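Colleague: As they're listed, the protein sequences go chains A and B.
Under the numbering used here, the first residue of the first sequence carries the number 3, and numbering increases by one thereafter.
Under the numbering used here, the first residue of the second sequence carries the number 494, and numbering increases by one thereafter.
Hints are computed from structural coordinates only; laboratory data are not their basis.
Since the model is a prediction, treat every value here as computed from it, not as a measurement.
Some clues are possibly wrong.
[As the list claims (entries may be wrong)] If you want the footprint, here are the derived chain A segments under chain B, 3+ residues with CB under 8 Å:
| id | region |
| --- | --- |
| 1 | 27 to 39 |
| 2 | 47 to 58 |
| 3 | 153 to 164 |
| 4 | 197 to 211 |
| 5 | 266 to 278 |
[As the list claims (entries may be wrong)] Heads up, incomplete: computed chain B residues facing chain A, CB under 8 Å, no partners named:
| id | residue |
| --- | --- |
| 6 | Phe573 |
| 7 | Tyr647 |
| 8 | Gly654 |
| 9 | Ile661 |
| 10 | Arg730 |
| 11 | Leu734 |
| 12 | Ile816 |
| 13 | Pro817 |
| 14 | Met819 |
| 15 | Met821 |
| 16 | Ile829 |
| 17 | Val832 |
| 18 | Ile839 |
Don't be surprised by glycine CBs; every beta carbon is placed ideally from N, CA and C.
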Amino acid sequence: MSQDLFFQHLANGISLGSLYALIAIGYTMVYGILRLINFAHGDLLMMAAYMVFYGMLIFSLPWWLSVILAVILTAALGAGIERVAYRPLRDSPRISVLISAIGVSFFLENLGTVLFGGRAKAVYRPDWLAATHEIGGVSIMTLALVIPAVTILLLLVLSYLVYKTKTGMAMRAVSRDYDTARLMGIDVDRVIGFTFVTGSTLAAVGGIMWALRYPQIHPFIGVMPGLKCFIAAVFGGIGNIPGAVLGGFLLGIGEIMLVALFPDLAGYRDAFAFVILILTLLFRPTGLLGEKIAEKV
Amino acid sequence: MGKITLPRSGLYSLVAAAYRREPKRWGPMLTGAVILCLLLFIYWAGRNFNPYQVRILNLIGINIGLGLSLNLINGFTGQFSLGHAGFMAVGAYTTTLLMMPPAVKQMNFFMVPLISPLDEIQLPFIVALLLGGLVSALMGFFIGAPVLRLRGDYLAIATLGFSEIIRIVITNIRSVTNGALGLKAIPAYTNLWWSWGFALLTIFVITRLIHSSYGRAFKAIREDEIAAEAMGIGLFRHKMLAFTLGAFLAGIGGGFQASLLTTIDPNMFRFILTFEILLIVVLGGMGSITGTVIAATIVTILKEVLRGVEAPMNLGFISLPGIPGMRMVIFSLLLILVVLFYREGIMGQRELSWEGLFGPRNGRPERGVEA
Numbered sequence: 003m004s005q006d007l008f009f010q011h012l013a014n015g016i017s018l019g020s021l022y023a024l025i026a027i028g029y030t031m032v033y034g035i036l037r038l039i040n041f042a043h044g045d046l047l048m049m050a051a052y053m054v055f056y057g058m059l060i061f062s063l064p065w066w067l068s069v070i071l072a073v074i075l076t077a078a079l080g081a082g083i084e085r086v087a088y089r090p091l092r093d094s095p096r097i098s099v100l101i102s103a104i105g106v107s108f109f110l111e112n113l114g115t116v117l118f119g120g121r122a123k124a125v126y127r128p129d130w131l132a133a134t135h136e137i138g139g140v141s142i143m144t145l146a147l148v149i150p151a152v153t154i155l156l157l158l159v160l161s162y163l164v165y166k167t168k169t170g171m172a173m174r175a176v177s178r179d180y181d182t183a184r185l186m187g188i189d190v191d192r193v194i195g196f197t198f199v200t201g202s203t204l205a206a207v208g209g210i211m212w213a214l215r216y217p218q219i220h221p222f223i224g225v226m227p228g229l230k231c232f233i234a235a236v237f238g239g240i241g242n243i244p245g246a247v248l249g250g251f252l253l254g255i256g257e258i259m260l261v262a263l264f265p266d267l268a269g270y271r272d273a274f275a276f277v278i279l280i281l282t283l284l285f286r287p288t289g290l291l292g293e294k295i296a297e298k299v
Numbered sequence: 494m495g496k497i498t499l500p501r502s503g504l505y506s507l508v509a510a511a512y513r514r515e516p517k518r519w520g521p522m523l524t525g526a527v528i529l530c531l532l533l534f535i536y537w538a539g540r541n542f543n544p545y546q547v548r549i550l551n552l553i554g555i556n557i558g559l560g561l562s563l564n565l566i567n568g569f570t571g572q573f574s575l576g577h578a579g580f581m582a583v584g585a586y587t588t589t590l591l592m593m594p595p596a597v598k599q600m601n602f603f604m605v606p607l608i609s610p611l612d613e614i615q616l617p618f619i620v621a622l623l624l625g626g627l628v629s630a631l632m633g634f635f636i637g638a639p640v641l642r643l644r645g646d647y648l649a650i651a652t653l654g655f656s657e658i659i660r661i662v663i664t665n666i667r668s669v670t671n672g673a674l675g676l677k678a679i680p681a682y683t684n685l686w687w688s689w690g691f692a693l694l695t696i697f698v699i700t701r702l703i704h705s706s707y708g709r710a711f712k713a714i715r716e717d718e719i720a721a722e723a724m725g726i727g728l729f730r731h732k733m734l735a736f737t738l739g740a741f742l743a744g745i746g747g748g749f750q751a752s753l754l755t756t757i758d759p760n761m762f763r764f765i766l767t768f769e770i771l772l773i774v775v776l777g778g779m780g781s782i783t784g785t786v787i788a789a790t791i792v793t794i795l796k797e798v799l800r801g802v803e804a805p806m807n808l809g810f811i812s813l814p815g816i817p818g819m820r821m822v823i824f825s826l827l828l829i830l831v832v833l834f835y836r837e838g839i840m841g842q843r844e845l846s847w848e849g850l851f852g853p854r855n856g857r858p859e860r861g862v863e864a
């Protein structure tokens, strides 16, 4: 492979990887606090994408307003799901919550089919986003530059939130030890709700950028990114935010490079993530950056 | 506190009295009578039902078998697996490829020819089914060996991952599976005797297994792995047994389904298929054979009844457009509601038993608590 081509694929991979990273953070935050695979997380991407689509098309809002509205509504939806479907099961076996999450995921997907129709819709991509630039022999779409930029910006905001604010400290405390955090006077329910709002906000931004990158939306658009980003979170070390970012980038770059280096394996592209998942679970269940947790009897 | 004995009339008290006198003799006789009634009903249904009703009845039988196979893993052994669609796919494809006449194979594989030994093989249905089950069991064995070390949600996501990998591989090996085009014109061997034979046999096998020392070990593992291990139960061996047997039955169920629907393609075996079986297991009660049987019947019928919601309706004075996707909305809501408000499902971990129905427990006929 020529050097130019390599950088072309690398740029591609970084742009995909930053999307994965953004979405994986939502999984890792929720898992860190509730020990729950939030299956519905992927479907929030789809919801956000549709909200922007309809906001612009039906209510003919300017794009920035429909994006902001979609992000707010998706965050509310994420928190609402937690309130309705997960909170009542706080003291139930973890498997019950998982089943509930699977139910919510299928509910959203099929609600999407009912509300928006099952047929795929083409997404309008503004010209300035679709424009390509030549940078040192590599042609890059503006979008492919915007996506990592937005991701990095959101990561900075998130790091400030988690590591510098009081709420962030509460979040870290709850994820470390639920009961002790409660004893220390932390309103656990509020913290969990806030976690869902944060995660869903990132998912909404991720979903909108996903829809711009692959300009087509349908109700099941969130399934594969959802699963893959969960895998990215596991790969990086679940519960660990830098881990999720690392996992997302590695997964995205790996996926693009796999197809670039072995075109014959293009059909197995989606399987790549699952193979990574299984290898991670078998050989390093704590992921790349995860801490080792001793099993308590 | 003395319970009020309701005055009994007719058949019930007669049977109950007989059962209470000699439970060992009357239990099996009653079971035999129920099976006989069921077989008579199937015979009658086969002659009097229209093809659509027969198809639903077939699906109920197959779904009972599939539900039980998942319940064995998820409900009785407590290993939450989401890989059933993958095992069904393996079973469906193996069975189909082994029993399809060579001429039909040639018709199907017009893009890429089928690889050598498979294109001429044609085995009888039952042999193909068993081999389909065996290949699926083998798959279950190799997947289970690494994966069953994981627990809870990690196990769930890993089995889901394997199921997706199976589907992706099937989509890609076109010279064996015909890829995304799928296989059409599969010989339709599945009839009421096959599907209900499968259901009854599965009920029998699982009931016997659950009441054996293996079954008690499964339940012990479900309740507390560490305690079970301390009591000398081989965790890995028992988990593997449940998982492999579940995969075997799922493979056979997949084979029956392929031959019932007469067409398969990789997209049929997405996560949603596992979801439908999971719904049966959760609704019936994780760890109840009776519950799964009841729930399989309810869900299968409900799925057909709700077809009405998706079809356009003409009420004479007003015509309502159909709402595609509404069925699954209702089903997923049902799953959420069951988990939120009725976590036991229909039966919880209880079973309907003769002892419970007729046993020496004065008062109303209760649902028996399984020993």
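Colleague: Each hint: holds or not?
Modeller: Taking the hints in turn, this is what the structure says about them:
no.: 1; hint: 27 to 39; result: holds (count 3)
no.: 2; hint: 47 to 58; result: violated (count 0)
no.: 3; hint: 153 to 164; result: violated (count 0)
no.: 4; hint: 197 to 211; result: violated (count 0)
no.: 5; hint: 266 to 278; result: holds (count 6)
no.: 6; hint: Phe573; result: 5 Å, holds
no.: 7; hint: Tyr647; result: 6 Å, holds
no.: 8; hint: Gly654; result: 4 Å, holds
no.: 9; hint: Ile661; result: 4 Å, holds
no.: 10; hint: Arg730; result: 19 Å, violated
no.: 11; hint: Leu734; result: 21 Å, violated
no.: 12; hint: Ile816; result: 6 Å, holds
no.: 13; hint: Pro817; result: 6 Å, holds
no.: 14; hint: Met819; result: 6 Å, holds
no.: 15; hint: Met821; result: 4 Å, holds
no.: 16; hint: Ile829; result: 4 Å, holds
no.: 17; hint: Val832; result: 5 Å, holds
no.: 18; hint: Ile839; result: 15 Å, violated
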